Amino acid sequence: MADDDGIFLRNAWYVAALNHELIDGKKLARTILERPIVLYRGASGKVVALDDRCCHRAAPLSMGRVEGDDIRCMYHGMKFAADGKCIQIPGQDAIPAKLGVRSYPVVERYNMIFIWTGDPEKADPKLILDYPPLEDPKWRGLPGYMHYKANWLLIVDNLSDFAHLAFVHTNTLGGSEEYAYKTKPVAIEKLDDGFRVERWHMGADAPPYHKKVISNRADKVDRRNIGRMIVPGIFTLDTTFAPAGQGVEKGAQVPGTRSYRNAQFMTPETRSSTHFFWNYLHDFDIDNPNIALSLRHSLEEAFNEDKDIIEAQQKVFDVDPDYQLLAIGADAPLTYFRWLFARRLDAEKGAARAA
Amino acid sequence: MADDDGIFLRNAWYVAALNHELIDGKKLARTILERPIVLYRGASGKVVALDDRCCHRAAPLSMGRVEGDDIRCMYHGMKFAADGKCIQIPGQDAIPAKLGVRSYPVVERYNMIFIWTGDPEKADPKLILDYPPLEDPKWRGLPGYMHYKANWLLIVDNLSDFAHLAFVHTNTLGGSEEYAYKTKPVAIEKLDDGFRVERWHMGADAPPYHKKVISNRADKVDRRNIGRMIVPGIFTLDTTFAPAGQGVEKGAQVPGTRSYRNAQFMTPETRSSTHFFWNYLHDFDIDNPNIALSLRHSLEEAFNEDKDIIEAQQKVFDVDPDYQLLAIGADAPLTYFRWLFARRLDAEKGAARAA
Amino acid sequence: MADDDGIFLRNAWYVAALNHELIDGKKLARTILERPIVLYRGASGKVVALDDRCCHRAAPLSMGRVEGDDIRCMYHGMKFAADGKCIQIPGQDAIPAKLGVRSYPVVERYNMIFIWTGDPEKADPKLILDYPPLEDPKWRGLPGYMHYKANWLLIVDNLSDFAHLAFVHTNTLGGSEEYAYKTKPVAIEKLDDGFRVERWHMGADAPPYHKKVISNRADKVDRRNIGRMIVPGIFTLDTTFAPAGQGVEKGAQVPGTRSYRNAQFMTPETRSSTHFFWNYLHDFDIDNPNIALSLRHSLEEAFNEDKDIIEAQQKVFDVDPDYQLLAIGADAPLTYFRWLFARRLDAEKGAARAA
Chain A
1 MADDDGIFLR NAWYVAALNH ELIDGKKLAR TILERPIVLY RGASGKVVAL DDRCCHRAAP
61 LSMGRVEGDD IRCMYHGMKF AADGKCIQIP GQDAIPAKLG VRSYPVVERY NMIFIWTGDP
121 EKADPKLILD YPPLEDPKWR GLPGYMHYKA NWLLIVDNLS DFAHLAFVHT NTLGGSEEYA
181 YKTKPVAIEK LDDGFRVERW HMGADAPPYH KKVISNRADK VDRRNIGRMI VPGIFTLDTT
241 FAPAGQGVEK GAQVPGTRSY RNAQFMTPET RSSTHFFWNY LHDFDIDNPN IALSLRHSLE
301 EAFNEDKDII EAQQKVFDVD PDYQLLAIGA DAPLTYFRWL FARRLDAEKG AARAA
Chain B
1 MADDDGIFLR NAWYVAALNH ELIDGKKLAR TILERPIVLY RGASGKVVAL DDRCCHRAAP
61 LSMGRVEGDD IRCMYHGMKF AADGKCIQIP GQDAIPAKLG VRSYPVVERY NMIFIWTGDP
121 EKADPKLILD YPPLEDPKWR GLPGYMHYKA NWLLIVDNLS DFAHLAFVHT NTLGGSEEYA
181 YKTKPVAIEK LDDGFRVERW HMGADAPPYH KKVISNRADK VDRRNIGRMI VPGIFTLDTT
241 FAPAGQGVEK GAQVPGTRSY RNAQFMTPET RSSTHFFWNY LHDFDIDNPN IALSLRHSLE
301 EAFNEDKDII EAQQKVFDVD PDYQLLAIGA DAPLTYFRWL FARRLDAEKG AARAA
Chain C
1 MADDDGIFLR NAWYVAALNH ELIDGKKLAR TILERPIVLY RGASGKVVAL DDRCCHRAAP
61 LSMGRVEGDD IRCMYHGMKF AADGKCIQIP GQDAIPAKLG VRSYPVVERY NMIFIWTGDP
121 EKADPKLILD YPPLEDPKWR GLPGYMHYKA NWLLIVDNLS DFAHLAFVHT NTLGGSEEYA
181 YKTKPVAIEK LDDGFRVERW HMGADAPPYH KKVISNRADK VDRRNIGRMI VPGIFTLDTT
241 FAPAGQGVEK GAQVPGTRSY RNAQFMTPET RSSTHFFWNY LHDFDIDNPN IALSLRHSLE
301 EAFNEDKDII EAQQKVFDVD PDYQLLAIGA DAPLTYFRWL FARRLDAEKG AARAA
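Protein chains in written order, with full-length UniProt numbering: chain A, 1 to 355; chain B, 1 to 355; chain C, 1 to 355.
Just chain A, same shape as in the assembly (with noise of 0.2 Å):
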């Protein structure tokens, strides 16, 4: 593979692909951290990632047969087990030990799979980020994928900032430009793995996509927003809406609250285009599949909307690498968490500089 630079965070879990991608034998050809990966459910139930190239001759093995849990090479029909070993080879009795292509640490979780492209020692499944909403049946949501052709940092700076809501999503997630030129950034609480902020916007309307699935759409709501980013690129916003008005800033148990629960996965294919997995889950009438459709759709909207903007910064730096960003006051978050990334890498690279 040609050197990534070390610009990826390889000891970490990423998400792979939302589970559903895999259903009904599929081989799922995936780049991921610049790595050509197939992953695969096998006839087990385990799922199987390997290096998407066969070590004879290079030949896909998404282009491959799922025979068992194993694949088989269908250029010369070498056959390779989950854990990568070439177990035969047509017309050849011995095969050398060597003989494997790469196998990559995968867990199973949230409906996800999440890969681990670093150290296999060092993949411990105890790492992946807690987000019970996501497996708790009193949430609902409908998971979703974009593709952006993006650097994956350039998604993270966006969802690090809330000051771009009233400028990109004023129809959409809401915010107001008038509140956004009154209103000064809000501190965030700084943690070993990220960052937290806690917003809240009392007596403000509803949000365009809040509307769309309450029945009470003229009411004034209190809205409290918590979102944390957490390395390597997991954006969760946890989101409440209490009518307006009833103490709920006050721990105050308000009827008609409805809350949100929002997981959002940044995995670099490459240095600039980014896999996005997201799942937006609510807590009221969960058996109406069409509040889940609803909110999957306007937050699509919205994403659409950071896509534009994202994608074209790419292409400035595209077209000109060194391009000097200058920093104001609302980039504290995203500061901070390049920061923070940047010495969780250069600790990386140290732990394999000493092995």
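By construction, these hints were calculated from the structure, which means they are not laboratory data. Since the model is a prediction, treat every value here as computed from it, not as a measurement. Any given hint could be a false lead.
The list treats identical chains as one, so a pair stands whether inside a single copy or across any two.
Unchecked claim - Here are the simulated lysine to aspartate or glutamate pairs, DMTMM-like style, with alpha carbons at most 25 Å apart:
#1 Lys-349 with Glu-135
#2 Lys-190 with Asp-136
#3 Lys-26 with Glu-177
#4 Lys-307 with Asp-136
#5 Lys-79 with Glu-311
#6 Lys-79 with Glu-178
Let chain A serve as the given structure and place chains B and C on it in line with the hints.
Coordinates of chains B and C only, in the frame set by chain A:
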């Protein structure tokens, strides 16, 4: 910006746009001499040209919103004045002085927008080429724009050469192979900023584009062409058709004479693509709009004949940048022009080093 | 021309075109071994191959006009003879001796145009591979052309290998997985300029492509294949199907035997794309044109099965040029061929240095 290798003459005026490209509030994103630029007409009528990248996070300002003469980046809401200075940051009171984007001097003349990408101190509007027919009501024309996937000097070469008329434009601008084989190249008059060439073609058939807009199509004509090629890449061609044999070459005022004035402006987009602006003006029946339309169609047809071959040349150089050309006698004009251009480029680089 | 890194064997004949590609005055622009070349048949019937770039301003001669055996560049009218010499410059009497474009030796044989891009002194037509069925009226076929987005050696590898038949071509050329698992690779006979391999397959079903053109489809056959792979990239395959069990392997003349002769020529276009010419000939019912058509369809279908996987291999190398392959026992033929090719390449480079 990626280093442009000193291939562009920057201290010069280039056409950035036809002024009709900025009607209806259009924000025109156009790369000029490898600089991404946004052009718009502000509320005051002033034309503004700014770097098309927000200094904050590199989002294109052409995706922004014009407010008066200012423009607001619609990612995080930063607002820039016509001189490029940042004048508002939502949620932040103090604006660091260094915050801003590059602004480019522009001059509106001849229904075109001229831009200066070099040292702004030297942007003297008097340096814009004087070509009065472009604003004289006696002349009428319909300006045109074409995009070439070719280095601008290949277009300059093309226009510096009259020999190709016979082979490329027989059916449009006219030109006879038989004549080409018999005729020697005409000497050019060397100018400080380019060259001038005068050619007479006596008692010939009217060329196809001229025939389409006159009634006496079968009559022979005495044709005079005076071409000028000016640094950095402007070509003017003054053409007169007089009824043949009546002494126009001796200065006689021959009734029925028809004249054209033609100005062509080459603006490098990148080192391998070019914006081409032109206007072909006529001095007869100027209230009949079909004449200007017919001439624009004819010239576009002819330019497309050139474009096919010029873009094919570019592809040869794309594959083999070192391909060596061999000059012939007819190349004297283009050889002189390239020499002059190189000298001007050296002078500009020398001045930059001295400064 | 960009340096080709010494990856091509230049002192060799390659197929440049099928001769029917030059009918009706066609000027064929084709890149061969990374050289842009124009091919045409002159008025005398002679086939001409010239550098497809005018020496004057690099305009493609393939956009020019054939005049007799000469070609005229239709930019400025320069005319070139079949040997590449410039023989006319409009408006100029003296023609400098160095003016001209490179001309390539060509030989028309077997309804194909062979070209030599190396040292013209060494272009001996006797070096063209002798394969008599291509001109023997006893054999009938319909030649084909395909374009591969892959390095030619990946196609050579493919054809050097019989193991892939079972996995890639089960439904076209035939090949049984069960048989593949049981069978050892057949030893090759090493030749000075390639290798030869002979394989027998006794009492088997006729393969699909053969079944389509015979009436007794259910009968078992004894199949013999003799393959030869020749430097720089020519593959021939002589195939015979005899009714099974009648002693064809002992030399018996078995009635009802059907034979094929197959020649395939790989000509590098660039280091990552290839022209592929082929003819699959048969010796029965030669006046029934549907047999040649059926065989061409069948082979095209099979080659497209290869093309899918070969172009996928190329993409792996495009992304990761240093990807290391691991050989298995069945690779002996391709390993030998690549070794032979490298030795020939070294010899050519050594001779070039000595000269």
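Status of each hint after checking the structure:
Within a single copy, Lys-349 and Glu-135 get their C-alpha atoms no closer than 34 Å, and across copies no closer than 65 Å, so neither meets the 25 Å cut-off. When the C-alpha separation of Lys-190 and Asp-136 is checked against a cutoff of 25 Å, the pair qualifies neither within a copy, at 27 Å, nor between copies, at 68 Å. In this assembly of identical chains, the alpha carbons of Lys-26 and Glu-177 lie at most 25 Å apart only when taken from different copies (23 Å versus 46 Å within one copy). In this assembly of identical chains, Lys-307 and Asp-136 lie within 25 Å of each other by CA distance neither inside one copy nor across copies; the values are 30 Å within and 48 Å between.
In the homo-oligomer, the alpha carbons of Lys-79 and Glu-311 lie at most 25 Å apart only across protomers (21 Å), although the nearest pairing inside one protomer, at 40 Å, exceeds that limit. In this assembly of identical chains, the alpha carbons of Lys-79 and Glu-178 lie at most 25 Å apart only when taken from different copies (14 Å versus 63 Å within one copy).
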